[in-house]
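**Student:** What follows is the residue order along each chain.
There are 4 protein chains.
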Amino acid sequence: MTCLIRLLEMPEAREPVLVEGLPGMGFVANIAAMHMIKELGGRKFAVITSSSFQDFAMTVEGGGIRTPVNELYYCPQDIIILYGNTQAEGSLGQYELCWEVLNLVKKMGCKMVLTMGGYRRERVLGRPRVYCAATNQGLLEEARRLCDGVIVGNIYGAAGLLLGLGKVLGLEGVCFLAETMDIYPDPRAALEVLKVVSRFLGFEIDLSKLEEAVFLTEELWKELAGEERREKAF
Amino acid sequence: MTCLIRLLEMPEAREPVLVEGLPGMGFVANIAAMHMIKELGGRKFAVITSSSFQDFAMTVEGGGIRTPVNELYYCPQDIIILYGNTQAEGSLGQYELCWEVLNLVKKMGCKMVLTMGGYRRERVLGRPRVYCAATNQGLLEEARRLCDGVIVGNIYGAAGLLLGLGKVLGLEGVCFLAETMDIYPDPRAALEVLKVVSRFLGFEIDLSKLEEAVFLTEELWKELAGEERREKAF
Amino acid sequence: MTCLIRLLEMPEAREPVLVEGLPGMGFVANIAAMHMIKELGGRKFAVITSSSFQDFAMTVEGGGIRTPVNELYYCPQDIIILYGNTQAEGSLGQYELCWEVLNLVKKMGCKMVLTMGGYRRERVLGRPRVYCAATNQGLLEEARRLCDGVIVGNIYGAAGLLLGLGKVLGLEGVCFLAETMDIYPDPRAALEVLKVVSRFLGFEIDLSKLEEAVFLTEELWKELAGEERREKAF
Amino acid sequence: MTCLIRLLEMPEAREPVLVEGLPGMGFVANIAAMHMIKELGGRKFAVITSSSFQDFAMTVEGGGIRTPVNELYYCPQDIIILYGNTQAEGSLGQYELCWEVLNLVKKMGCKMVLTMGGYRRERVLGRPRVYCAATNQGLLEEARRLCDGVIVGNIYGAAGLLLGLGKVLGLEGVCFLAETMDIYPDPRAALEVLKVVSRFLGFEIDLSKLEEAVFLTEELWKELAGEERREKAF
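Protein chains in written order, with numbering that gives the first Met the number 0: chain A, 0 to 233; chain B, 0 to 233; chain C, 0 to 233; chain D, 0 to 233.
Honestly, the hints are just simulated from the structure, not real lab data.
As the structure is a computational prediction, the values presented were derived from the model and not from experiment.
Check before you lean on any hint, since a few could be wrong.
Listed next, the stretches of chain C that the computed footprint assigns to chain B, with coverage defined by at least 3 CB atoms under 8 Å from CB atoms of chain B [claimed, not checked]:
no.: 1; region: 91-97
no.: 2; region: 125-135
no.: 3; region: 138-151
no.: 4; region: 161-170
Under the rule of at most 27 Å between Cα atoms (straight-line distance), these lysine-lysine pairs were calculated in the DSSO-like manner [what the hints assert, rightly or not]:
no.: 5; chain 1: A; residue 1: Lys105; chain 2: D; residue 2: Lys43
no.: 6; chain 1: B; residue 1: Lys43; chain 2: C; residue 2: Lys110
no.: 7; chain 1: B; residue 1: Lys43; chain 2: C; residue 2: Lys105
no.: 8; chain 1: A; residue 1: Lys110; chain 2: D; residue 2: Lys43
no.: 9; chain 1: A; residue 1: Lys43; chain 2: A; residue 2: Lys106
no.: 10; chain 1: A; residue 1: Lys43; chain 2: B; residue 2: Lys110
C-beta atoms are modelled at their ideal positions from N, C-alpha and C, and glycine is treated no differently.
Chain A extracted, bound-state conformation (with noise of 0.2 Å):
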């Protein structure tokens, strides 16, 4: 079966913009497509299994199954989003899922890819800077007057190969990476990423829980931190 992408239904898209948001460092994507799902109101319309993902079923509270999936949602604002809870495993099988779901959605008009992701600090003080990188000259000084300066280093995983490959099958690429420290889930680098891609694609967000949930992790973050010192203190 190698990738399978099983369609539910086919929207009525125009010029899409592909949107990646697989976890991968901070889950900043993760959390950054999940909230543009909801908010921008989504709606799945494609449901991608690959045998490069693992090979096991996750019970959910209750007795539930959940399994590892990739899904394609589309948003009215014209935007397909690539949200799953796993990302496939080794290369073959990344390429293989990268090559389907962007020979899917070039036949549904799109011309341009944005990736998401964690950008690794050892420590993050303030708002996490985000960083851009393109493949074109055009795409990329769009991208930078939005952002705090230009990735240097590798871009790993789906986020990175979806930019080499969309360029094989003549699709703009763009990513934004968000600081982040990698130890823990970041909806703070994940509303910085989505600060900046709502204005490069230019559509309105309300990112008011997305701040709630920041709000929240940093003031348990500040508790830990204030046991830490207390605990150093002694």
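Given the structure of chain A, go ahead and fit chains B, C and D onto it with the hints provided.
**Tutor:** Structure of chains B, C and D alone, referenced to chain A:
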């Protein structure tokens, strides 16, 4: 070749349930499936070879040759049993085999998959408890009524994957795991799973031979434990 | 490409036996097969390349180039020999290659597979004993009459897999393994296997060159052992 | 997708030689190929993507994105160059890519493959020596006249595999390896390989830029060595 299903005959099934009984934790599913095949009069109708099985042949007493194989049996109670002496190795092999089996049984009218297995515990006191999970609410409620609680955690291998891929193909899924210490083939856990499964699927099964196996295993066990205690006494 | 069989010519076989002679324990099968090809007048009719062979080229004396390859030879005694300088690596590669070879020889009328190899022992005293296994009772009885006993344990690699996959394709299978310490290429074990195989298949073969190789190897061996003894004496 | 060759144009080759220049020991082939492309006026005509490349994107200065890729260039001297920033990982990926490339160039009239690379040495004193190997006697004799001896040992990766698979497809093959310590990109070894290759294939090439690179590298090297000596003096 990847995964090859050789049909020996095509049983006239109505709306068969697929029951998974491959080797795994405590050989619980494997023992239970073997007992079902014998007691329900299962008839082998398909032989499955996969290039993800191990590449060797085993010899049996007297110079015969056994090879890694999975098999499908049809029982007159309209039950299909997936039995074998191995599981495919690696994610790709597991997905491929489960996918092929599910597609075959779906063509035969199957609408539900039931998987079995062991649930690892440090210690199992008294009767091993049986836990369940299911892919939809209705099935879950039925299952819970017959057992001791719901599964918490991951369901590995074919027992988990058949549920997830079954869902992709529109089949319902339910899983029963019995507590086992997973340090020896565990007929006691298999017996408890079989009691629940027979009630769940509504078939009659003579469990006396399995009970005898449990008795013999436990006698052996007590003796060993006695010796251990005696050893510890000095 | 996976596994590619290039036919050089199509020999007019009647009901040929496939004899496996790939490198393995003590190079027993490999040495025996090479000797059979030479003495029986085998003619190469197919070259096999697999993407599961190692990805390198070997140089030979004087700057020539040898590559990992398997080959099929046809001998006028209606014997097909699978010979080569490597086995496919990994389960997938092994299954693919054995499967392709078996399908080809089956088309040529083959109904029986005979595999050879070494049987690892800590020490081999006197003549290496030869053990057998077979996929059916009739063949097994014939085989047992000609050798020292039956194989206990697993038969690894192509020697085991060809038997198992042969069974799937409806071919009979028999295996002869000779005792070897597997610490050097072992012509003595190859000689013993060949004696049994020639009797089993009913062909005449001049074993004098192989006997000479055995003699030379043993002389060398005694010398080394003598030195070792002398070393131990001090 | 496995291995995907995207043709940008189809050059009118006559009987082109395929020259391999992928990254490997001391980057010898890679540097030599890059220099050939520049000096011979090579024109990119195909882009190769493989699911056995690594699954990431690299950023370049200023926020651009580079992806793992192989490319084919056609030079007016009737030479096709296989160039890239990576080799496929794993045996399967290497075989697939080499196989696809060889089939393409064979269709373009290619009858000979020339591979280059480094030959690892503990120490390289004075001019790095160049060694050769070839798939037939005629080619080997021509090659030996132009270099310092024949290769002893294995030729790893695409440099070896293109020769072996070329043979399967009926293409002649020759390989030139220059001595390198393989601890830094080695333009000096690349220069020596290029001198031999240009004479072997009979094309003129301006080596002055490569000589300059060698000079600069060696100056740097002497300085480092000097420092090391000074450090050792204390």
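**Student:** Each hint needs a verdict: does it hold in this structure or not?
**Tutor:** Hint by hint, here is what the structure shows:
1. 91-97: holds (count 4)
2. 125-135: holds (count 4)
3. 138-151: With 6 residues in contact (Cβ-Cβ under 8 Å with chain B), the coverage given for the region 138-151 of chain C holds.
4. 161-170: holds (count 5)
5. Lys105(A) x Lys43(D): OK: Lys105(A) and Lys43(D) at ~25 Å, within 27 Å.
6. Lys43(B) x Lys110(C): At roughly 24 Å apart (the allowed maximum being 27 Å), Lys110(C) and Lys43(B) satisfy the hint.
7. Lys43(B) x Lys105(C): Cα-Cα ~25 Å, so holds.
8. Lys110(A) x Lys43(D): holds (24 Å)
9. Lys43(A) x Lys106(A): holds (17 Å)
10. Lys43(A) x Lys110(B): Judged against 27 Å, a Cα distance of about 24 Å means the pair holds.
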